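Peer 1: Sequences are here, hints too, so could you generate the full structure?
Line by line, the protein sequences give chains F and R.
347 is the number that the numbering used here gives the last residue of the first sequence; the numbers go up by one with no jumps.
66 is the number that the numbering used here gives the last residue of the second sequence; the numbers go up by one with no jumps.
Calculated directly from the structure, the hints in this document are not laboratory data.
Values in this document were obtained by computation on a predicted structure and should not be read as measured data.
Mixed in with the good hints, there may be bad ones.
[Stated by the list, open to error] EDC-like cross-link-like pairs, simulated, lysine to aspartate or glutamate; straight-line CA separation at most 16 angstroms:
hint	chain 1	residue 1	chain 2	residue 2
1	F	LYS229	F	ASP189
2	F	LYS229	F	ASP174
3	F	LYS197	F	ASP251
4	R	LYS12	F	ASP108
5	F	LYS9	F	GLU210
6	R	LYS12	F	ASP140
7	F	LYS229	F	GLU196
8	R	LYS32	R	GLU50
9	R	LYS12	F	GLU141
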Amino acid sequence: MKDYRSFLKEYDGPLIRIMEICGTHTASIAHCGIVSLISSRIQLISGPGCPVCVTVTEYIDRLITLSLTPDTVVVTFGDMIRVSGSRQSLQDVRSEGGQVRMVYSPLDMIGLALAEQGKTFVFAAIGFETTTAVYAALMDEIVHAGIANIRILTSLKTMPRVIEWVCSMQGGIDGFLAPGHVSVITGSDLFLPLSEKYHVPFAVAGFEGEQILIALYALVKMISHGDGKVMNLYPSAVTAGGNRTAQNRIDTYFEPCDAAWRGMGVIPDSGMVLRSEYLEYDAGSRDLFSDHSHHPECRCAGVITGALKPQDCPLFGTLCTPDKPQGACMVSTEGSCYSYFVNRRNA
Amino acid sequence: MPGKVISVRGTKAVVDFAGNRMNAEAGLVAVKPGDSVLVHAGCILQVLPEDEANILADLFAELEDL
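Peer 2: Listed below in structure tokens is the structure:
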């Protein structure tokens, strides 16, 4: 085991393509220089796990409309503010009087809403299973406290269907670096049906460089031996069954729905929305499906699905930079283009 | 980065991240002062064991058998 680093560096077997699904893994791989530590015969492909990047423009347009509505304040994580809808971003409309605030946690909404009860606060609720658990905690608090001036606009995604989309549409992925934080909530068993159906291995990984290398080692070994199974290499945080309390809380407030993904279209049962009994807390989330790229040359869709590397986009590093992003993948710190650009990643 | 729970009151906790103390929601997992915890967007999602190395040892052995 001690020489797993040299194993990865010296690997000269058949070309292996591994997709890191999670945007935080993409950021860590670039930050830790993982590509320089492994053989060029092991290719890492960024997947659709950056929540900002996969959000369609109609959702952002809806946030913009809400921010310009009297006595309504849109509250969001920082990344979302710079992503363009079909014409503008939240940052653009803020200079035109749009009411937009940024917070560290969705639970900060409680303090905002109690302090200004004459306004309605709408949270831009994007994310995967991990963040959906936090929105469920928020919902629990506002429902039980009877707070009436909070809404959420959801664009929530779930992992299994989009990974299946990648397996069936994209092809050529030999193994998956499975998302660590999603797995904390769902459990590593979430990936068992996919590993069995498509006979591809999954390695659940933490986010330190060493944890990623160990997971890649496991994947290369499993791929080489034709093992399509799931290994949990993040056992300190992830169990087979996940966080049952969080799962139950999510199930109380949310239900599965079809969801629109930038670059992939609508994927059945790949999202979550508030259950009908809690629709009074929804700010108009249903059927926000259309997507119109801000720049006609933007290749975010291809990058998100792993079909293209960021540097394959004609705008990458020239018209599109972190200072002046044209697409969502260059805005988010978890976006592939942002990671490749700031870390000068080439492969 | 894991944080350390300083205090718990109901479903609210104070968590220390390398000297920075922040409030966190503690309703999704049972925590007590001194626990090392994983926090996402202001919400504690998991209590982490002190030593991951021992837990990984068995998995490493499994990998070596491949």
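Peer 1: Can the restraint linking LYS12(R) and GLU141(F) be considered satisfied, given a maximum Cα separation of 16 angstroms?
Peer 2: This hinted pair holds, its Cα atoms lying about 11 angstroms apart.
Peer 1: Do the alpha carbons of LYS12(R) and ASP140(F) lie within 16 angstroms of each other, as the hint requires?
Peer 2: Roughly 13 angstroms separates the two Cα atoms, so the pair holds.
Peer 1: Starting from LYS229(F), check that the Cα of ASP189(F) is at most 16 angstroms away, please.
Peer 2: 10 angstroms, holds
Peer 1: Check whether the Cα positions of LYS9(F) and GLU210(F) lie no farther apart than 16 angstroms.
Peer 2: Answer holds: LYS9(F) to GLU210(F) is near 14 angstroms, not above 16 angstroms.
Peer 1: Given the hint that LYS12(R) pairs with ASP108(F), test it: the Cα-Cα distance must not exceed 16 angstroms.
Peer 2: 13 angstroms, holds
Peer 1: Can you confirm whether the C-alpha distance between LYS197(F) and ASP251(F) stays at or below 16 angstroms?
Peer 2: 26 angstroms, violated
Peer 1: Starting from LYS229(F), check that the Cα of ASP174(F) is at most 16 angstroms away, please.
Peer 2: 12 angstroms, holds
Peer 1: Regarding the pair LYS32(R) and GLU50(R), is the alpha-carbon distance no greater than 16 angstroms?
Peer 2: Given that 16 angstroms is the threshold and the Cα spacing comes to 14 angstroms, the pair holds.
Peer 1: For the pair supplied as a hint, LYS229(F) and GLU196(F), is the alpha-carbon distance within the 16 angstroms limit?
Peer 2: Distance ~7 angstroms between LYS229(F) and GLU196(F) Cα, so the pair holds.
Figure legend: structure checked against the earlier numbered hints; the only hint not met is number 3.
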